[in-house]
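Novice: Take a look at the letters that make up each chain.
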Amino acid sequence: MSGFIRGADALTSAVDEVCDVCIIGSGAGGATLAAGLCEAGLSVVLLEAGGHFTRQTFSPHEGEAYPALYQDRGTRATADLAITILQGRAVGGSTTVNWTTCYRTPSRILAHWAAHHAVEGLTDDALRPHFEAVEARLSIAPWPVERANANNRALLNGAAALGWPAAPTSRNVKGCANSGLCGLGCPVDGKQSMLVTSIPDAVSAGLRLYADVEARRVVVEGGRVVRVEAEVVRRADSAPTGVAVTVRPKVLVLSGGAINTPALLLRSGINTNGRVGLRTFLHPVIAVAGRYPERIDGFYGAPQSVASHHLIDRGPERVGLFFEAGPVQPMLIATATPLFGEEMAAFMAELAHVSGLISLAVDGLLPGDDGGTVRVDAAGRPRVDYPIRPALAEAFRAGHEALAQVHLAAGATEVYTLHRQPRRLRSTADIAQLAGAPYGAHEHAIFTAHQMGGCAMGEDPSRAVVRSDLRHHSLPNLFVVDGSVLPTSLGVNPSQTIYALAHRARAVVAAAV
Amino acid sequence: MDRRFFLGAGLGAAVLALGGVGLALRPGRRIAPPAGLRVLDDVSFSVLSALADRLCPAVRGLPSASALGVPALVDAQLARMHPADATELKQGLLLIENSLAGLIFDGEPTPFTLRSPAGQDLALLALRDSGLAVRRGLYKAVRGLIMAAYWGHPRMYGASGYDGPMDLRAAPGGAASAAGAEVSSEGM
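So the protein lines, in turn, are chains A and B.
With our numbering, letter number 36 in the first sequence gets 126, and the count goes up by one each step, no holes.
With our numbering, letter number 182 in the second sequence gets 190, and the count goes up by one each step, no holes.
Rather than coming from a laboratory, the hints here were simulated on the basis of the structure.
Everything numeric in this text was worked out from a predicted model, so none of it was measured.
One or more of the hints may lead you astray.
Unchecked claim - Partner residues aside, some chain B positions facing chain A, computed with beta carbon under 8 Å:
1) V47
2) V51
3) R62
4) L63
5) Q85
6) A92
7) D137
8) A141
9) H161
10) R163
11) S168
All C-beta atoms, glycine included, are put in the ideal place defined by N, C-alpha and C.
With the hints as extra help, turn the sequences into a complete structure.
Specialist: As structure tokens, this is what we get:
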């Protein structure tokens, strides 16, 4: 039995669906789950707020792709605008636009969750079959180091020169053309995102996927979810078309990601213990650019294929760090760089010689590090507050210093920070300047591409939103299956953890129908 | 952006509360906007154009932002955004232009559009380096939209050494579509 994907053009009259399972969100969690449930013969409806784009309709131009494929038209940010939030909004969710880096959940993180967040049953052994299953389906494998582009080799070479460990990452690709366009939608379907794997699997097995449909409210009656109220939105500007979509499922699964899922719960008044939206983590990112004598051409090649976890553990009172690379493409870099005028033009003229490395902070592990908070405004729109605490500001400083070291060790002739007033370093002696630089909100560029938490899992109903099996603590036919269930950040890119948790959740959700 | 981000911080509110004061209403330079603007009016378009041409001036043989059509592109992007966000950005532009705000924050009562290029650069630096995070946020928001429209423009690729995206349209396709599935994916 084949299902369908219907977008706004086809949704011109009200839809009223009855099904076994309704899933909201088609990213790493929702799509992985949908495929398993459909293949098990269940009736599944999936609502996706973003549009359905394919390799034929992706634009390879940043100016068109970011507004089309990212939340808030590419302008999502924390409420104070200090942190730029890169988060996908399309069929396939963030997997459609991520940079393909995959890691299994670190053992030390699983142990931390068990010890500090009452998470039960998540061990290396318990997760192994799920990791293996998604690795097979998504072709997750180490990226050959010889295919790493010069931007990533700068990290590899710089770390090697410093005696720091660094290694190629695993990527979910098959037939990658090394176009560098991962963040704009893969033009050759080489990226094994949900768009080309689990969603086609699910549709072939009967999934009814409604794209361009935003869930507004979850309705609870008699202690159970009874329906989802949603509406069709225009692809061009997300304005409601006035067409209502109602779904009446036996089981509801929220998979909208670590900002939209808590927001939907809050809009719906489902926040029994007051924990929804709390402990939101971002792996806050700072970037440091290095100017090299040779061309780097970070425009092209796998954007992210090398990582170093040399500073992942900096002791019990410091935020851990890991280092990766990001695409060096004109619009992304221009918006992140604080310069303007002649100075900006001069910087951009050298972009082909620039390597962009990033430092990601592992938030949520230190005592008292509660990360940020998702709330909703009067109109029901999500808002993210994320204070930069002293420990994180210190981590930003350490990240700047480490990346400057890497660049200089790799042969950069000049290193630029993305401070409001950028620091320019030409030797290791200059790195001392960074100690006196300011760190925090609006002092330098800060980003996130990894949103986690806000609906934490755990067995303590006073501290967690869902149980360790991802079932809601109060509503027996409600599950959360996305990055929002993570009790802390991970210290690695989160997509594979979400794939595996969703794969594991298939049996529990099916049994709840 | 957070609704009431600027006004909530008291900056816009203070200025708007004094809206009857002549200084606050001192007119600036206006340029005729192109037909078809969807969000910006002639005042906000003029301010945005002046800002864009200082952020991305005609230097090193590059076109100015206006010559590249950046203000209209920003208007198009604002039209895609949530109306509340677009409205707030527009209010931020008016705040930058406002003489009274200029006097309070920069000690300069001249509307932004009437300042000299050097004066406009000083105003931009004052905004970027303001002690008030809300003003730094405004700088980031305005600058981000303008830089995205300018440096994301295909005509500018060569100026950054970018040869443009690989043309892979003829590459063999993957298995994106479920065989036999109904797919209706066009937007409205």
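Novice: Let me make sure I understand: some of the numbered hints might not hold for this structure. Which ones are they, in numerical order?
Specialist: 1, 2, 10
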